[in-house]
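K.L.:
Start from chain A and add chain B according to the hints.
There are 2 protein chains.
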Amino acid sequence: MNIVLLSGGSGKRLWPLSNDIRSKQFIKIFKKPENSKGNPEDIYESMLQRVYRQIKTVDSDATVTIATSKSQVSAIHNQIGADVGISVEPCRRDTFPAIALATAYLHDVQGIGLDEVVVVCPVDPYVDDEYFEALNKLSELAEQDVANLVLMGIDPTYPSAKYGYIIPSTKDQVSKVDTFREKPDEPTAQKYIDQGGLWNGGVFAYKLRYVLDRAHELIDFTDYADLFSKYETLTKISFDYAVVEHEKDIAVLRFAGEWKDLGTWNTLSEAMDENVIGEGILNEECSNVHVINEMGVPILVMGIKDAVISASTDGILVSDKEQSAAIKPFVDEINQQVMFAEKSWGTYKVLDVEEESITVKITLKAGQHMNYHSHERRNEVWTIISGTGKTIVDGMEQPVKPGDVITMDAGCKHTVIADSELQIIEVQLGKGITVTDKKKYELNI
Amino acid sequence: MNIVLLSGGSGKRLWPLSNDIRSKQFIKIFKKPENSKGNPEDIYESMLQRVYRQIKTVDSDATVTIATSKSQVSAIHNQIGADVGISVEPCRRDTFPAIALATAYLHDVQGIGLDEVVVVCPVDPYVDDEYFEALNKLSELAEQDVANLVLMGIDPTYPSAKYGYIIPSTKDQVSKVDTFREKPDEPTAQKYIDQGGLWNGGVFAYKLRYVLDRAHELIDFTDYADLFSKYETLTKISFDYAVVEHEKDIAVLRFAGEWKDLGTWNTLSEAMDENVIGEGILNEECSNVHVINEMGVPILVMGIKDAVISASTDGILVSDKEQSAAIKPFVDEINQQVMFAEKSWGTYKVLDVEEESITVKITLKAGQHMNYHSHERRNEVWTIISGTGKTIVDGMEQPVKPGDVITMDAGCKHTVIADSELQIIEVQLGKGITVTDKKKYELNI
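For the record, the sequence lines run as chains A and B. If you're matching positions, the first sequence starts at 1 in my numbering and goes up one per residue. If you're matching positions, the second sequence starts at 1 in my numbering and goes up one per residue.
Relax, there's no trap hidden among the hints.
Note that the list lumps identical chains together, so a pair holds whenever it fits in one copy or between two copies.
With a straight-line Cα cutoff of 35 Å, these simulated DSBU-like cross-link-like pairs (lysine-lysine) come out:
#: 1; residue 1: Lys343; residue 2: Lys401
#: 2; residue 1: Lys431; residue 2: Lys32
#: 3; residue 1: Lys230; residue 2: Lys343
#: 4; residue 1: Lys31; residue 2: Lys431
#: 5; residue 1: Lys305; residue 2: Lys12
#: 6; residue 1: Lys438; residue 2: Lys401
#: 7; residue 1: Lys305; residue 2: Lys260
The hints are simulated quantities; they were obtained by calculation from the structure and are not laboratory data. In this text the structure is predicted, and so the values were computed from the model without any measurement.
Chain A on its own, in the form it takes in the complex (with noise of 0.2 Å):
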């Protein structure tokens, strides 16, 4: 099976923990199933790593291409590996342009023949293994030629205003498609349930020369290398509007398992096992109370009912559970600096911020390096607190252990590498202090 996972854009809709730089599917809340104690980092895994573990162990062949922007990749990285494909998209054209992108790597970078089969679907549904299975009848059933594009259309449990409608020729379990609908309101979405239809939950399987024909028709180039130099000039279109609608023959195939789109803090407290994740203390006067707490305090609830509480170093959420659904116009007044982030290398994680200073804390996995770089307007003092590893600062390389301290002039390059997990704390000083004040250089290691 080949899978490409849409993996979409930042999320503020989960705020403290999904940021600019971390959408929602790299929070981890979701009990790994072998594990029940150590380390959260042990005992967690995000919806993109539950997603790709279930991927391979219904399908321990499957390819999975990530199609994502820029700004993930580190994260991808640093969550599930580097034995996965990434498209990245320079730019966001919506999913049009995206899927074509995605599906000309496939062909072009990772040599996907023209018959063989792409599922295309998004990287946050919460679903069991079962999602899985029915992927690979999808792939099985575009393999078979049973119509040009074939759709997962999930069984509605309610009449959701939340989803676009798959109206099916007939009631069998494969049915070609009668139409399409729009986001209803929810007595139109009751009709189309008592219709038959089925929720579009952006599910589909195509052969790669189909999706790659309509590319060419729309979009003028040669191969991956070209579509993706002039990937910002093209238009944004959703591959709704750019090729189902003007697709006659498409089947969809039934699926009646668990299906959840976990997009607020409410229906993602719904998927989690536990009420606590994290420190954090509930009195027996607490009810229907989830806390998701990635900092290193304790929180202390007593007496709340049918609450989220969230905290990480962006900030703490407080917030009666259905009201948590319209947090975004209040998160987007929080102009804030991005305090932690994972790297392909490791994580960052700021413990101060003053005028003319930042102090950070870097954690590198063993065995990576951060690029060798350097800033023009501050310079930085490295701590190693624990771990080893060798710092290469203007070309000249030194073995590092805890205790060791490095200062750096603005201006000079430098790196570290791990043998071991390191930890060091940096302070940065200058004025003007800013992520984008860096430069990159070539290191040979």
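P.N.:
Showing chain B alone in chain A's frame:
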């Protein structure tokens, strides 16, 4: 007026803002009358600062002495400066030894005469200036020898079970005391009130000689220094049991002004001038919510009612207001390092804790310095992030400015002296880092 403020022990009822070393009287949550903008430091004052300011407003010549434990001395100097007498209890021995020691201190150290009047009151009632005018009146009554002890009796606003009751002989503003009653249940409290009973708020005045005589009767000591040196051997006994119960000649002054005991988050938040202190956003669906946020990150609250939310480097509390009174057993369970402290020279704040390192932000006030000291089991690295001053390391002086790094091995003596306000990131490195690993030395500067 000579006032002794009793500054009581560590409190956990206002966790996470109060902790083992910060008692509730040091939390800054009351709006200063003169300032309405600027840093929180400039806008808000603590109970201690408020009471001290109020005393000085009513009587600018008042001699203020604070009877307290060793652990509070730094915070007191930090908040109200050096111009205040402090009678330090070497250990806790209840109110009679504490008042005896403070009285001896006033006589032998401050030179207060035997016929002068001393007014004793707790440091933490929430009152307005009228209360301090009543203290002045209390002082005058003692001066006029209306009785050996003159108590303040607070006009009850409800039949409280939290206070002892004073039953006066008459309904006059000043009356002899008929009898005392211990904390009753509510129906009994109502009965006392019907008899004209008043709350005993632990406020009283006496001529210095009177308490000194009682002290010499009950304790074998010569002077303040002697009493101080044998303090640990004294029996724990309250002033009420040791003195008040045996005294026939007691008068009471009726006080009907504002007087609140802010012992719980519920009562404390009622005294707040606004709903949010620190960074906080409440949506319109919130009602009767108070946020006190000492963390540098925003708190967003949506659809929550009748709750107090408080955050500090020690932890986060989210509590129904009424239930907040029952916090203590939960906080006792939270066994935690103190993450923030006010010292006489400034503040320290723990930024990061790892197994073999702790990272701390130190802020020294201009002109201040820490003790000249060494550690046996840890190395330290200082990075100056703002301000100027000088360090002394094993006797060697060195001027310091932002960006300077000072490394100190275990055993090495060190201190830093601030010229302007000085901020330092300190990384402590070693096994089993503890605050008790500290040796102090004399320093002549």
